[in-house]
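Enquirer: Read off the chains here:
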Amino acid sequence: MNANIQSSHHALPGRPLVGTLAIVFIVGLVVIDTVQSAPINPFAAPPPVALGSGEAPTGAHCTQP
Amino acid sequence: MSEFKAMAATRTGLILFALVLVFGTFAMTGPRAALLMLVGLGFGLVLEGLRFGFAGPWRVVITDRDSRGLIAQFLAIGITAAVVFPLLAAFPEELGGAHAPVGIAMIGGAFVFGAMMQLVMGCGSGTLVNAGSGNLIALVALLGFIGGSFLGSLHLNWWTGLGSLPVYTLQGIFGNSAGLWVTLIALAGIGALALSRSAPGKRMPPARLWWAAALIAVLAVLNLVIAGQPWGVVYGLGLWGAKLAQAGGVDVAATAFWSLPSHAERLDQSLLTDVTSLTNIGLIAGAFLVMRWRRVPDAQVVPISGGSWVIVLLAGLVLGYSARIAFGCNVGAFFSGISTGSVHGWVWFFAAFAGSTLGLKLRPALLRPAVASGTVATA
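Chains as they are written, first to last, in the numbering used here: chain S, 1 to 65; chain H, 1001 to 1379.
A hint or two may mislead.
Unchecked claim - Ranges between beta-carbon positions, derived for each pair: (1) LEU21/S <-> ALA1186/H: 38 to 48 Å; (2) TRP1158/H <-> VAL35/S: 26 to 36 Å; (3) SER53/S <-> PRO1261/H: 18 to 28 Å; (4) VAL27/S <-> SER1305/H: 23 to 33 Å; (5) GLU1093/H <-> ALA44/S: 18 to 28 Å.
Claimed, not checked - Listed next, the stretches of chain H that the computed footprint assigns to chain S, with coverage defined by at least 3 CB atoms under 8 Å from CB atoms of chain S: (6) 1027-1033; (7) 1125-1137; (8) 1243-1249; (9) 1285-1298; (10) 1316-1327.
Read the hints as simulated data drawn from the structure, not as lab findings. Beta carbons are placed, not taken as given, at the ideal position from N, Cα and C, and that holds for glycine.
Build the full structure now, drawing on both the sequences and the hints.
Expert: Here you go:
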């Protein structure tokens, strides 16, 4: 799909604008999430690295049912 | 301002953006989240900067008998497996693999995913990378992907109920050491088969892909060591869909999937505490950084017809849905599944590759370029 386009009718926004829109979408998502989610408790943060922590992984993954 | 000064200012801003992203995450969520954001950024920088992908290389294996990208993928998976198999064996309490059952829906989902990823020219990671690097088709597909992953989570139990085997791993079948050797030999065998069928000059990856494969492997191992779980994409996107649906008034917490304790916790907690959300965000940001860092950004995609935009959105939806019921995409199932010994990763690969052949036939029939007077497209 990579091609040089010259059109007066169907020119799409350039990559910098679309990339910025993607970043804006992520920022908006995080803001919406921050409003509705439980506040983050920094004192309950897990150890920096799971390996050697002695704790079982608690994250979720797409291979989980 | 001269062009040089403008570029220097842009790049300084990009470095600041990356620093704010990582240190902001650290300040809000803690060191593990910041490290995972850094890993995600690394994935984005490598995938976009060195143009390492999954959907594109599969396409050219079929259309051009070009196996260079596929060989690089196998190399990355093999390096990762060589490190991860011993780690999983030594630290079973702290680290987990991407292990899932083989089932009817899983196979069908992988096949459909393979078809759709050729339609939108983006897999799980590819859609994120392409959206971050300003590809408009990918951004539209990403919105569908998020919705599809969420919808798939709502129906996952029904699909898995169609028939599913227990979870099998190569470690479980052959033992840790032999399981790793079986993985490496299988990768080498399929790689050799692909090489033997490739056109001259389209066999050995260029140096760029060797570096990319090594760096992706390092990042994948870091993902496992830091998070305790392998690199994934789809869960985070499904969670984003669940969060947006919740914000829209849907009682997501009452559904069968999202009421399970592990998922209910993710739904309740901030996205910035979710492993795959962090690496997904970092991945998009990393691709954005590379795109803006370039002196001249790549050209935008070819304009497509109005109907084709609807098809892209629907294909993204199906992409997300099928990845969810297939227990992962090219990252969670193919890359992480195989590199951590899951048999479902191998089955996913064969099913998705078969689906890709269908997707390549569908693509020209379903995606039509926009036609307008004065339009000149040069490939």
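Enquirer: Hint by hint, say whether it matches the structure.
Expert: Structure-based check of each hint:
1. LEU21/S <-> ALA1186/H: 38 to 48 Å: holds (41 Å)
2. TRP1158/H <-> VAL35/S: 26 to 36 Å: holds (32 Å)
3. SER53/S <-> PRO1261/H: 18 to 28 Å: holds (21 Å)
4. VAL27/S <-> SER1305/H: 23 to 33 Å: Roughly 31 Å apart at Cβ, these two residues keep to the hinted range, so it holds.
5. GLU1093/H <-> ALA44/S: 18 to 28 Å: holds (20 Å)
6. 1027-1033: holds (count 6)
7. 1125-1137: Coverage by chain S holds here, the residue count being 7 at a Cβ distance below 8 Å.
8. 1243-1249: holds (count 4)
9. 1285-1298: holds (count 7)
10. 1316-1327: holds (count 3)
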